[in-house]
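Number of protein chains: 2
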Amino acid sequence: MCAGPRGAVLRPYQILRREALQCSRTMAGKKVLIVYAHQEPKSFNGSLLKIAVEELTKQGCSVTVSDLYAMQFEPRATRNDIVGRLHNSEAFNYGVETWEAYKRGGLSKDLVEEQKKVQEADLLIFQFPLFWFSMPAILKGWMDRVLVQGFAYDLSKCYDGGLLQDKLSLFSFTTGGTKEMYSNGGIGGDIRYVLWPMQHGIMHFCGVKVLEPHICYAPENVSEEKRKEMLTGWTQRLKTLWKEEPINCSPEWYFK
Amino acid sequence: MCAGPRGAVLRPYQILRREALQCSRTMAGKKVLIVYAHQEPKSFNGSLLKIAVEELTKQGCSVTVSDLYAMQFEPRATRNDIVGRLHNSEAFNYGVETWEAYKRGGLSKDLVEEQKKVQEADLLIFQFPLFWFSMPAILKGWMDRVLVQGFAYDLSKCYDGGLLQDKLSLFSFTTGGTKEMYSNGGIGGDIRYVLWPMQHGIMHFCGVKVLEPHICYAPENVSEEKRKEMLTGWTQRLKTLWKEEPINCSPEWYFK
Chain A
1 MCAGPRGAVL RPYQILRREA LQCSRTMAGK KVLIVYAHQE PKSFNGSLLK
51 IAVEELTKQG CSVTVSDLYA MQFEPRATRN DIVGRLHNSE AFNYGVETWE
101 AYKRGGLSKD LVEEQKKVQE ADLLIFQFPL FWFSMPAILK GWMDRVLVQG
151 FAYDLSKCYD GGLLQDKLSL FSFTTGGTKE MYSNGGIGGD IRYVLWPMQH
201 GIMHFCGVKV LEPHICYAPE NVSEEKRKEM LTGWTQRLKT LWKEEPINCS
251 PEWYFK
Chain B
1 MCAGPRGAVL RPYQILRREA LQCSRTMAGK KVLIVYAHQE PKSFNGSLLK
51 IAVEELTKQG CSVTVSDLYA MQFEPRATRN DIVGRLHNSE AFNYGVETWE
101 AYKRGGLSKD LVEEQKKVQE ADLLIFQFPL FWFSMPAILK GWMDRVLVQG
151 FAYDLSKCYD GGLLQDKLSL FSFTTGGTKE MYSNGGIGGD IRYVLWPMQH
201 GIMHFCGVKV LEPHICYAPE NVSEEKRKEM LTGWTQRLKT LWKEEPINCS
251 PEWYFK
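Residue numbers (this note's numbering), protein chains in the order written: chain A, 1 to 256; chain B, 1 to 256.
Treat the hints as calculated values from the structure; they're not laboratory data. One or more of the hints may lead you astray.
Cβ-Cβ distance ranges computed for the label pairs, FRET-style [as the list claims (entries may be wrong)]:
(1) A:V96 - B:K116: 34 to 44 Å
(2) A:T78 - B:L86: 51 to 61 Å
(3) A:G84 - B:E40: 12 to 22 Å
Glycine included, each C-beta is placed from N, C-alpha and C at the ideal position.
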């Protein structure tokens, strides 16, 4: 990176400018899908969403938001997800039926639309408040219904072989409890236990690479100043997000 | 237990009969709520539900089933859960609003009904297929919406001090993956990671004691004979369920 187009040596400011340009080129045109699960735009989660949309758009990324509550997104996995006849109408099996429906192009319109957004995205950001050590049901329903067999994984095509490779994901969430509570020895246990089903069980299973999660601890119980710091922290992180390497979300630690 | 009412020595058959009576007395009148999340009565989960209802009823328990899909249970946590005016209509905060609504008796009818069932129950059984290392969204929505602050926990009334003490719970679920996959060293990691948010993060948080989970691994991928064995195993377990001691669902292991 220190040699010019024809091998000429560049001065430091030229190197810097060139790297900035290259970085900007890398980001511009990137497609981001933010799957957002909060009822209130004025909430802290709403602010985090706004920051992500603004910052990523400024970088030249194309940003799409699935605002689940605003969309009244259906979280229930039912027969309504299959258009037309069932593969086996004698005994309804959601996994089999959605797999078959996916293959023949027979999934309901709302699922097809979400799958198209996922397919086009380079990066999936999930923005939500932690509910009961997990995602709110409306977001869990998005996972349950959108990531069907055939689309996100298939027979023996899972984990590193999952069908959504070359995509990145990032779980960005707020908690009610403090960081201490979710630390080793804290009453909530290590936050890694909370991350496992989302990062390894869902994203890794589908072949999606995982960036470091972004966790804002207890924003409702800190000072206004601390909240602002948290928001600034998110903006700062997003500025260099495309330079980040995916983490190993399934380290040895979990298998001991 | 070997001495009669007035200290007279009992013959072996009398002891047996007396123990049986006592056992039956302990079970009779117990109230069980089964929260069930499967779309198809003919499914393996449907069979497990049927067995539980029959066996527990036979024991003299009073069994209530919340059949979430049949009820079209709403999993989304929204403003609709609060009847009448909001505590703060400027910025909707689900946690605060449901807490305030609970205190003034202003939660929506479906939530009040579920809370009443929980309140009356001695034992909560959750019966469902594992979806993405967790509960199906419809069941997660039951947790999100029913177990509100004031009802299930309160300021500093959580974990061993949670508001739903003297109740037992049991997570009974089926998996897609095999037992080996969810064992130490398996690709799915130890099943204890899956259990953590449900058992510790939800039930223990609310003060509910936890019985050993009942896991049927990969029923769709085993022989008919093996499936029958699994069903018989559930019946057998239920026969002596009331003699079981709660497990420690938050052992040292999680805090290392």
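Here's how the hints hold up against the structure:
1. A:V96 - B:K116: 34 to 44 Å: Check passed, 36 Å falls within 34 to 44 Å.
2. A:T78 - B:L86: 51 to 61 Å: The hinted range 51 to 61 Å is violated for T78 of chain A and L86 of chain B, with Cβ atoms some 30 Å apart.
3. A:G84 - B:E40: 12 to 22 Å: holds, 18 Å
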